[in-house]
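Keeping the supplied structure of chain H fixed, place chain P upon it in accordance with the hints.
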Amino acid sequence: MNNNFIAQIQNLNLDFKGKKLFNNLNFDILENKTTALLGSSGVGKSTLLRCIADLEIENITDGKILLKEGTNIAWLSQENSLYPWLSILDNVQLYHHLKGTKTKQTLQKAKELLSQVNMSKHCNKKTYELSGGQKQRVALARTLMQDANLILMDEPFAALDAITKIQLQDLTCNLLKDKTVVLVTHDPQEAIKLANHIYILKNQPVILEKVASLEGTLPHQLSNEKLWNLQEELISKLQGSDI
Amino acid sequence: MKKFLTVLLPIVFLFILWQSVIVLFDLPHYILPKPKDVFFQLINQYSLLWEHTQITLLEILIGIIIGCIFGLGSAFTLLYFKKIEKYLLPILVISQAIPVFAIAPLLVLWFGYGMASKIVMTVIIIYFPITTACYDGLKNTPKQWLQLAHTYKLTPLQTLFKVRFKASLPSLASGLKIAVCIAPIGAVIGEWVGSSKGLGYLMLHANARMQIDLMFSALFILIVMTLSIYFLTDYLTKKFIPWASHLH
Chain H
1 MNNNFIAQIQ NLNLDFKGKK LFNNLNFDIL ENKTTALLGS SGVGKSTLLR CIADLEIENI
61 TDGKILLKEG TNIAWLSQEN SLYPWLSILD NVQLYHHLKG TKTKQTLQKA KELLSQVNMS
121 KHCNKKTYEL SGGQKQRVAL ARTLMQDANL ILMDEPFAAL DAITKIQLQD LTCNLLKDKT
181 VVLVTHDPQE AIKLANHIYI LKNQPVILEK VASLEGTLPH QLSNEKLWNL QEELISKLQG
241 SDI
Chain P
1 MKKFLTVLLP IVFLFILWQS VIVLFDLPHY ILPKPKDVFF QLINQYSLLW EHTQITLLEI
61 LIGIIIGCIF GLGSAFTLLY FKKIEKYLLP ILVISQAIPV FAIAPLLVLW FGYGMASKIV
121 MTVIIIYFPI TTACYDGLKN TPKQWLQLAH TYKLTPLQTL FKVRFKASLP SLASGLKIAV
181 CIAPIGAVIG EWVGSSKGLG YLMLHANARM QIDLMFSALF ILIVMTLSIY FLTDYLTKKF
241 IPWASHLH
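Chains H and P, in that order, are what the protein sequence lines are. According to my numbering, the first sequence is numbered sequentially starting from 1. According to my numbering, the second sequence is numbered sequentially starting from 1.
Some clues are possibly wrong.
[What the hints assert, rightly or not] Each computed DSS-like pair below joins lysine-lysine, with the alpha-carbon atoms no more than 27 Å apart:
| hint | chain 1 | residue 1 | chain 2 | residue 2 |
| --- | --- | --- | --- | --- |
| 1 | H | LYS125 | P | LYS166 |
| 2 | H | LYS64 | P | LYS153 |
| 3 | H | LYS20 | H | LYS210 |
| 4 | P | LYS2 | P | LYS162 |
| 5 | P | LYS153 | H | LYS33 |
| 6 | H | LYS126 | P | LYS34 |
| 7 | H | LYS179 | P | LYS143 |
| 8 | H | LYS68 | H | LYS179 |
| 9 | H | LYS68 | P | LYS2 |
| 10 | P | LYS162 | P | LYS143 |
| 11 | H | LYS33 | H | LYS179 |
| 12 | H | LYS102 | H | LYS64 |
| 13 | H | LYS202 | H | LYS111 |
| 14 | P | LYS166 | H | LYS126 |
| 15 | P | LYS143 | H | LYS20 |
| 16 | H | LYS68 | H | LYS33 |
| 17 | P | LYS162 | H | LYS102 |
| 18 | H | LYS226 | H | LYS237 |
In short, the hints are calculated from the structure, not lab data.
Bound-form chain H, shown alone (with noise of 0.2 Å):
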């Protein structure tokens, strides 16, 4: 494999629900990278990140996922991914909770990434009380907790306020800045502030067509004419893209 790839998706094939989703499909992630994989309801965007995640594995018909060696994956999804039955500092502890390794190391690091979310003062509630924004910052402690070297991200702000969601990806690309992270999004916007590169996702069987590499720090503050450009072209590709 390559050394800049993190994972390597060569001629996957996938049927889903009775339809051909992926023909001979091949993606590559750029490690150290934000990708963006941008289009419309039920393109078939989260199931090519479950792909990566090894979660479809049933209906995978032929093809490849590579992954380089000693990679770790976290997953973050959309809403409702805290479990109820702990406690919040538990469930940034997640991993070490349920394989039973919790030790005072890890209660304190679960203590200072809540510290960086601003979820310090919350963390004696239980998961129930908090808002959604709340719940997706706990999220994204836990997801830090993990020290995973890929993080998947499943439409993790769709189900937030315009102000929560704005806060949550600044925050984001914060923490997760210089970490492989494939991000699943409908919103060209997000996809512009939070992404080094953006595919869009179309037809089925799906096409991958990479449309934008923006290299820099993110989140990308592009000026008003380059992003109303990009944005504009995205909208239109995505316009065109529906299924």
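Positioned in the frame of chain H, the structure of chain P alone reads:
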């Protein structure tokens, strides 16, 4: 206070209605005894009633525990052995189609006149709601929670006990609340068919001797006992699964 009144008022109304029916239709005590006669029986026959209550209560509690063990075991089996599912599910439904009354004499014959036959009857009655409730809960574990477990590389057994089982608790609690309400039916039917102890036996015995007030007092205890078990279960499930009501 308001909550207390909402419970008390319907009971008071029921007693007034009961007394009114007796007065209005001039019913003799062997058809419908007066509330005060039933109350006096509760006081005067306290030791007799307590002796039989203990037996029935024990049958119900043991039946609930064994029914839960079998129910949970069956739910786990249904979830993890898909091949067994198609054979076990019809058996489950058939077990519910057979009226317990019809097999009660057989169970007494097989398991004897003692507590065993009543416990078996209670187990049969609660097995279905416990199994289906637990199975539904295990099966409908939110996919986000399972995806996390998968990325953490949990073994199937770890996923079952640390994620799926915990996720199934709200559904299991609903099934358990139904089960504890119907469990006394199994125990009492068993006692009616063949026994020498228990509230069901006492009711039959009193009925045969026209001691309808005693029969009603036994019935009253049975109702109080069922309600107590139900409210205790409700309290415990709310205490230990406080997040259940916030799931959706």
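Hint-by-hint comparison with the structure:
1. The suggested pairing of LYS125 (chain H) with LYS166 (chain P) holds, with an alpha-carbon distance near 19 Å, which does not exceed 27 Å.
2. Straight-line distance between C-alpha atoms of LYS64 (chain H) and LYS153 (chain P) comes to about 20 Å, which keeps the hinted pair within the 27 Å bound.
3. Of the supplied pair hints, the one linking LYS20 (chain H) and LYS210 (chain H) holds, its CA atoms being roughly 21 Å apart against a limit of 27 Å.
4. Proposed proximity of LYS2 (chain P) and LYS162 (chain P) is contradicted: the alpha carbons are some 41 Å apart, above 27 Å.
5. Taken as a hint, the LYS153 (chain P) and LYS33 (chain H) pair is honoured in the structure, with Cα atoms around 25 Å apart against an allowance of 27 Å.
6. At most 27 Å may separate the alpha-carbon atoms for a hinted pair to count; LYS126 (chain H) and LYS34 (chain P) exceed this at roughly 52 Å.
7. Note on LYS179 (chain H) and LYS143 (chain P): the hinted pairing holds, with a Cα-Cα distance of about 25 Å set against a maximum of 27 Å.
8. Among the hinted pairs, LYS68 (chain H) with LYS179 (chain H) is consistent with the structure: their alpha-carbon atoms are about 14 Å apart, no more than 27 Å.
9. Distance hint between LYS68 (chain H) and LYS2 (chain P) is unfulfilled; the C-alpha atoms sit about 65 Å from each other, more than 27 Å.
10. Of the pairs offered as hints, the one joining LYS162 (chain P) and LYS143 (chain P) holds, with about 15 Å between alpha carbons and a cut-off of 27 Å not exceeded.
11. Using a Cα cut-off of 27 Å, the hinted pair LYS33 (chain H) and LYS179 (chain H) holds, with the two alpha carbons roughly 6 Å apart.
12. With a C-alpha separation of about 35 Å, the suggested pair LYS102 (chain H) and LYS64 (chain H) falls outside the 27 Å cut-off, and the hint is violated.
13. A hinted pair counts as satisfied when its Cα atoms are at most 27 Å apart, and LYS202 (chain H) with LYS111 (chain H) does not qualify at roughly 42 Å.
14. Taken as a hint, the LYS166 (chain P) and LYS126 (chain H) pair is honoured in the structure, with Cα atoms around 16 Å apart against an allowance of 27 Å.
15. Proximity of LYS143 (chain P) to LYS20 (chain H) is assessed by CA-CA distance (about 23 Å); at most 27 Å being required, the pair is judged to hold.
16. A C-alpha spacing of about 15 Å is found between LYS68 (chain H) and LYS33 (chain H), which places the hinted pair at or below 27 Å, so the restraint holds.
17. Restraint check for LYS162 (chain P) and LYS102 (chain H): satisfied, since their Cα atoms lie roughly 15 Å apart, inside the 27 Å limit.
18. Between the alpha carbons of LYS226 (chain H) and LYS237 (chain H) the distance comes to roughly 17 Å, so the proposed pair stays at or under 27 Å and holds.
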